[in-house]
Structures are given as structure tokens and as C-alpha cells.
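Trainee: Protein sequence lines, in the order shown, are assigned to chains L and U. Every letter in the first sequence is one number past the one before it in my numbering, and letter 172, counting from 1, is 189. Every letter in the second sequence is one number past the one before it in my numbering, and letter 307, counting from 1, is 320.
It is worth saying that the hints were derived from the structure and are not from the lab. These figures come from a predicted structure and were not determined experimentally. Glycine residues also receive a C-beta, built at the ideal position from the N, C-alpha and C atoms. Mixed in with the good hints there might be a few duds.
[What the hints assert, rightly or not] With the Cβ distance kept under 8 Å, some of the chain U side facing chain L (calculated, not the full set):
no., residue
1, 48
2, 82
3, 84
4, 157
5, 161
6, 171
7, 183
8, 184
9, 190
[As the list claims (entries may be wrong)] Rough simulated footprint, nothing fancy, chain L against chain U, three-plus residues with beta-carbon under 8 Å:
no., segment
10, 173–179
11, 192–206
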Amino acid sequence: MPANFAPSSVDYLRILPEIIMTVAGALIMLLEGWLGENKKRNLSALTFVAFAAALVSAVAANANPGLSFSNMLIVDDFATFFRVLVIAVGILSLFSATQYLKREHAESSEYYALLLFSVTGQCIMATANELIMIFIGLEISSIATYVLAGYLRDDKRNNEAALKYFLLGSFATAFLLYGIAWIYGTTGSTNLSTIRVALLTPGSERNVILAGTAAALMFVGFAFKVSAAPFQIWAPDVYQGAPAPVTLFMSAGPKAAAFAVFLRVFMTAFGPITSRWEPFVWASALLTMIIGNFAALMQTNIKRLLAYSSIAHAGYVMVAIAAHSEIGVAAAMFYLAAYAFMNIGAFAVVTHFSRQGEKFVNVEDLAGLGWKQPVTAGLFALFLLSLIGVPLTGGFFGKFYIFKAALDANLVWLTVLGLLNSAVAAYYYLRILVVMYMKEPGDATLSLQPVGVGIGATLWVAALGTLVLGIFPSVVLNFATASSVLVK
Amino acid sequence: MTLLNAVIFLPLAAFLIILALPKDKPEIIRIFSLVASLAVFLVSLGLIGPVWSGTPGKFAIETNQAWIQSPAINYHVALDGISLWLVILATLLTPICVLVSWRSIDKHIKQFFAFLLLLEFGLVGVFCALDFFLFFVFWEVSLVPMYFLIGIWGHDRRIYSAVKFFVYTMAGSMLMLVGIIYLYNLAGTFDYARILGGLQSGAISLSPVEQLWLFLAFFIAFAIKVPLFPLHTWLPDAHVEAPTAGSVMLASVMLKMGTYGLLRFCVPLFPNAARTCSGWIVVLAIIGIVYGALVAMVQPNMKKLVAYSSVSHLGFVVLGIFSFTQQGFDGAVYQMLAHGISTGALFIMVGFLYERRHSLEIASYGGVATPAPWLSTAFMITMLASIGLPVLSNFIGEYLVLQGASLVYFRWTVFAALGVILSACYMLWLYQRVFFGKASEDLTHHMPDLGFREYAIIVPLILIMVWMGTYTQSFIPPISASNAIFLGPLDASREIHVRAMPPHSVPLAGAPVLAAQGELSDAR
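With the rest of the complex left out, here is chain L (with noise of 0.2 Å):
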């Protein structure tokens, strides 16, 4: 390691996003002593310059990709792939939780420091190229989450999320740095390629044991972050009780990040174990998928419901990685992407219709929306075509090129269940669009108010991702494939 621990200033260049959203972040909070009530709306118009010129520099940063920080971080096009569709979720979250917080008459400063910092923490996972960075990153993006889980600290369900949420968030944090632990035990490093080179050596054999027993503990965390079975437990509780915002936020921007040191770690410095840890990545994904379809099935909360939906889609991306190759790698990455666009989306209906307090939240509130207003109900009814898969939409390609992998790698029943899985996923989303058009228009319904200015520009904004990605793919898979060549 050289002498020199003074950073470059490329270094800073390459951790700009980081650095923009934290200074955003921290000038946020001591605005808010300064500012009067009235101006507090101009901090939601700071959080998105922030957001905006974070994503430029994410954008620019991948003009000069590299390690940095003594190879603590790494800038590749997978890492700016995630933190340009992290950030992507930070503004579209944003841009409902505006209007929600007005709707609440809870505005206030922390709410947008909060989402900042989180978000920063999950670019801090995706540039991550070490253990320990990863973790800063995980928890920097847990911790705020918990918070933003119980924003609403007077309502019960709110507390009783943030509360469920961190104690097991930590208990399966502790998992993680258990395995991170072992893991430097065994091969005396906590860098991804150092403890790849450290497995592939020849003589390591005997360690394998121990490696393996690292990986199955960090299983554990990245499975809970990810609510992949059977550490799922938790969150349909915490969509649930959650604000609507936070819930289309924890849905799409955590997730995505766990997912991107998932793919990291598992495919770079695990990857010489792979036969190890293959099969239970396999029987993870398709008890994620089961679990999350059949208990779908059942609910009548429709935040719920599309917990338990969120659960089935991230098993679908964990068929990705069981298959561990590099069109795995890609199709995992579009498919997070297409996710994220559609249940922002679906999510965003959600927070519309709910009313203050969230008062309508069940299924059968939505009765008649389709003749209400035509076009939200209609780009939700998109949204809830692309994750039942049909095609034109985005959810129907992830779903193809995640399956084309699983083929590719001969899992050949993984993706017989897998599809027979999404057929029995077509019923509850169904039941959303049944409904929405096919019953007549009830209290809530009829009362409804037209859809805001935030609120609808991210529902435009996620149709056309959803659309995009559905029609033309090759705009994004291209890049996800040409970056599915991790740094090794």
C-alpha cells in the first residue's frame, strides 16, 4: 500500500455526488433554524438542485473511471449505473413527498436531510470496494431510513414500523460485520480483489470452509436488505405502517443499492466459491418468489399487497444472481431499474389516493378510479401491466432477460417455477385493475382531488422509464451489459 494517504483531487471528483448531497444534506439542517415557516418549501427546491447536480457529477465521474481512496472505492459503469438510479429515486421520492408532507402539515427540514443522506449512503454501496465501505454505506442508508420510516412520530403505525424495522435492520446488520469479521480472519483483507486473489491461490482449499461460513453470514445481511426469504419478515410490516413516500422510497432506492453489493460482492470476491453459495441463492429465490405471490394473494391493504409484491420482484432478481454470470449481472440491473420505475410508480398512486392520515389504503377504495380519472388510473393500470410482466413495459424485458440468464445457466426449473410464479402474480395485480374499472366509483373515489404537480410529474416520469424500458431496452441494457464486467 503506498505511503502516500493524502486523496488526489480526482479522488474528490470521483466521491462528488457524495460530497454535494452531505453538504446539502448538513446545510438543510442549519437552515432550518434560520429560515421562517414560509420559506421552508424553498428546502425542498435545494434537495433537488442537490439531487440534480449529484446525478451530473455521477454522470461525470464515469468520464474517468478508477479506484480511489487507496482502492477503497471504485468508479466503474456499475457503480455509476446504481448511483445514477439511486439518485433518480431520491428525486422522483421527492417529488411526492412534497406534496404529501404538505398534505400531513408536516414540512419540515429533516424529511429532505434524511432522504439526502440516505441516498448517499446508498451511492456510498455502490462505489464500495471494500468491506468496511460497504458497511458506512449500508448502515449511513439505514440509519436514515429507520428515521424516515417513523417520520410521522405522533402516528402509531409509523413508530410501530420505524421500531420493527430497526431492530432487526441492526440485528441483521450484526450479521453482516460478523461475516465481514470472519472473512477478514480467513484471508486477512477486507478488499474485494484482495480476497478474491486470497481465495483463488492455490492451497486456500482448506479455508473454504471458513470463507464459505463468511459468505452464508453475509447472506443473511444482504438477504434482509434485500427481503429476500426467508429474512423477509419484515417488511411488509414496515411498507405497511410506513408513510406512503417512504414506503415507494425503502421499495426502490434501498433495495437497489443492497442489490448492487449483493451482485459486488457475491460475483467479485466470492466468486471462486461460487458452487458454495450457488444453491442457496437458488432455493432463496424461488422461496422469495413463492412466499411473496401466495401471501399477496391474500391482502386487502393494497400497501401491503405491494410489500408482498416487492418481495416476489426481488426474488426474481435473485434468480439473476443464482445464476452468477455476467448476462445475470446485466439482466439483474435492468431489471432493478424497470422495478424501480414501475413501483415508484404504483407507489405514487398509492400516496395520491390515500387522503390525509392515509385513510384509503384498502384494495376496494379504489373502486370505480378508472372512470374518476381516467389517466391516473390508466398509468396505473401500466405500472401494474409491466409488473405482471406483460410486454411493451419495462417489467416484461427484466423479467425476459433474467430468465434468458437462469436458461443460459441451466436453471431450467427455476425458471419453469419462476414464470409459473408470475402467472399467479397476474391475479392480485389484476384484482387492482378489477377494481379500478370494473366496480362502480365509491366515497373515496368520488371525493378524490385531482393529482398535484409532484405527485404527477413522477408518475409521468416513471411511465416513461416504465415505457421506455419496455420498447427500447437496448438503451439501458446495453449499457448493463458492457458494465457487467466487475473490477475483479
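Following the hints, complete the assembly by docking chain U onto the known chain L.
Mentor: Just chain U, lined up with the frame of chain L:
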């Protein structure tokens, strides 16, 4: 921009325009839908010329355009003698369905016609697509508008039926998707012609077990759509609950997606597996023919009766395909078209009766012939066509199928012919109960004869039935030419053409010919 692309994309354009029209001007929406769908029909007539004048049996009016680079997916569409008529069937029935729904659809008019045109887009695309991926896209796209047509504008149990229809088809499609991806991973392309060529020349080799599983993956998806007994249970529900236009499109065009898929994909791609399974499939088809007819006989509901008669008629199509004879194939395609016209017309006329009396129960009718003689006459001609009376369309199809089946195994013909007899029983009995007898005062009052719009709907269909029944030469030459090409490698009188079967591989049960010959190269 070829003519075919215009036929595919005009309905999509019309769909988008209808969405933009104001919803409080129903007349404009109706007139626009009619004009647009008629325009598509007229343009589609222009497709006949190029297919007839092209090389017999080969694809004409081809467009092959890269759509997605990796994996290479092309927008590849073309027509041969089979798809030509199915496309025209779809474009003909769409304006007719617009007319049928003119007054009977009175809520959410804009969305109804929009979905009808989106459905046309999907259906036309399915029959032209020559890229497996594109085929799958159109296959699924046609599912969504039909789901809404049934679910929003259907009768009492519409929601149950719509969801059942969607989930059933979806489950089958997913198996097909596995098959498509598996083929892609072997062949490196989604292109139909290249995969077919590769399989026939041996460039792509499939072990017998692989071939069997792939065949089944495709077959189940298509069999659900046909529907083949015992996968037919979604059909009576969907047909009965759908609005008239939905029933017509479903029975006349959508079911043909399944039989078309069998003929275009299942049989030519996996000839050995198709031959291996043909015994079982033919038995299921014959059960479907007889069972459908028997169940139709006892239905108290007119729509359900016609729906079960579809199960019976489609059994003939499957029987024809799995006889692997020229007559069987020609008859299957002819029956697909004839069934499309005659069953469509039956559903339309049941719809006319429903509009007058608001009941689908046979028991609430009787003596309709007295107040509405022309309606009764039109119904009678259509019914006779459906039974398979000579001089009318269905006779040709059923006859050819039975002849083709008899060449292979005469007993099949005997059992299948039972279906023809039974169809006369249930249809004539239906006719007798609905149209003959003494009309009640109340019924006479509510039973005006055909109006101008109804004549405009039904007369063209009856003329086509007569045309198809009397002058088959207008239709059959391109069909035969295309079928001859499919049949080339799998004619019953020849050995099956197999390559790259390792000598040690275990032969499939029921394929003793293959086992005896060990490694067959080109047995032709």
C-alpha cells in the same frame, strides 16, 4: 412502409386517436372507429394480391427490421397463405364488431372502441410475426384489451370470467416463454425461418427429450388458447360473460391464435415430438368434439350453447392438424376461417335476440319466426353453415379434416363424424325452441325484424359463408401451397427426418420406428 405494416399499425394509431377524442361525443367516436376499422379492412384486401402472385407457399410482403440489438430481436413480419386469411378475418370482423356494438354499448363508449382497435392490433400482429419474441409480444398484447372488454362490458359474472381468462392464458404463455428462451439459447436467434431451417438441416440439434419438452411447452400454451379438452373450462365463462363484440372476436379470431400456433410453430419445429404425442392429442381432440357437442345440447343458455359448439368445432381443427396429411391441414385452416365466420355470425345473432329481449335463456323465447322472419332466416342459414351443410362454408373444412383423418386411421373419422351428427341435433333443437312454436304476445311486441344496421352486419357474413362453401378456389390455393411446405418434412407417408440423435439415446415411447433405425440421417 409496406402494406402489411400499415395493416398492423393503423389500428394502433386509431386506438391512440380514440383515446384523444372527447368522451362526451359518442357519435364521433363510433363513426371514427367504423371508418378506421373499415379503412384497415380495405387496406388488408390489398394483401391478397402480393401473396397470390408471390412464390406459392412462401412468405410475401416481408419486413425484417432490427428492433433490439442484444439479444437480437427483429421486427420481422410477413404473410403466407395461412396468415393472409387469418389477418383478413380479423380486419373483417373488427368493423362488424364496431357496428354490433353501435347501440348495445352504452357506457364508457370511448374506452370500448379504443380497446376493440387495440385488440385488432394484437390479433393482426400475432398472425404476421415471424420472430418468436415479436410473436410473444403480440400474443400477450392481445390479451389485455380482451380482458378489459370482458371485465368492463360483460354480464353478471364478468369479473370472474375475465380474470380466469387472463390467468389461464398467462400460465400457458409463461411455459411458451420458457420454450422460446430455450430455443434462443440453442439457436442464437429468435427468427422463425432460421430456427426452422436450422432444426431441419440439423444445424440445431435437439435430443428427443428436449424436443418433447419444448413441444409440450408450446403445445400447452396453444392448447389452452384453442381450447383443447380438458383445458377448455375458461371458454364457456368468457364467452357467456363477454359483450357480443367480445364473444365474436374471442371465438372467431382469438381461438385461432392457438390453432395457428400449433400449425405454424409446434408441428413444423418439433415434428418427432408431434408425431409421438399425436395419438394422445387426437384422442383429446375427439373427446373435445363429442363432449363439446353433448354439453352444448343440454345448455339452457344460447351463448353457452354456441360456446360449447366452438369447443367441438375447434376439435376438428386439432384433429386435422395432427393427422399430418395435406387434406387434414387444408381442412384445419379452412375450418378455422369457416368457424370464424359462422360462429361469429351466431354470436352476433344471439346478441340481436338479447338486445330485443334482454335474455340469453332459450326458455324465454319461442315463435320468434312469426314476428321476425328475416332474422329467423339469417339465423337458419348461419346455423346450417355451423352444422356443416354442403354448399356452406363449414362443410368444406369438416369434410377435408375427416378425409385427412381417415387416411391415417379410419376409426378417428368415425368418432369425429359423431360430432357432425350431434351438431345437427343441438343446433336444430335450439332453432326449434327459439324460432318455432307460438309467439307470446309479449315476445311479439319486443321482437322487431332486422333493421338496416343489422342487415349491414349479417348479409356480408352470409354471403361469405355461401362463397366459401361453393367456390373454394378463391381461398384454398395459397393455403394448400403453404401447408405443402409445412408438411414436406412430416408427411405421414414418409419417414421422419431426424438428425444428430446419438445412437445410445433412449428412444421415446411410441417411436419404435426411430429406435429401430438408430441414427437416422436423412431418411427421405
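Trainee: If a hint holds in the structure, say so; if it doesn't, say that too.
Mentor: Here is how each hint holds up against the structure:
Here the hint on residue 48 of chain U is broken, as its CB sits about 24 Å from the closest CB of chain L, past 8 Å. Interface hint status for residue 82 of chain U: upheld, as the beta-carbon distance to the closest one in chain L is roughly 5 Å, under 8 Å. For residue 84 of chain U, the shortest C-beta to C-beta distance to chain L is roughly 7 Å, which falls under 8 Å, so the interface hint holds. The interface hint given for residue 157 of chain U is met, as the beta carbon of that residue sits about 6 Å from the closest beta carbon of chain L, less than 8 Å.
Taking 8 Å as the C-beta cut-off, the interface hint given for residue 161 of chain U holds, the closest approach to chain L being about 7 Å. Because the beta carbon of residue 171 of chain U sits about 7 Å from the nearest beta carbon in chain L, less than 8 Å, this interface hint is met. Evaluation of the residue 183 of chain U hint against chain L yields a held restraint, the C-beta minimum of about 4 Å falling below 8 Å. Given the 8 Å rule on beta carbons, the hint for residue 184 of chain U holds: about 4 Å separates it from the nearest Cβ of chain L.
Evaluation of the residue 190 of chain U hint against chain L yields a held restraint, the C-beta minimum of about 6 Å falling below 8 Å. Beta-carbon proximity to chain L at under 8 Å applies to 3 residues in the segment 173–179 of chain U; the threshold of 3 is reached and the given coverage holds. A stretch counts as covered by a chain when three or more of its residues have a beta carbon under 8 Å from one of that chain; for the segment 192–206 of chain U and chain L the count is 4, and the coverage holds.
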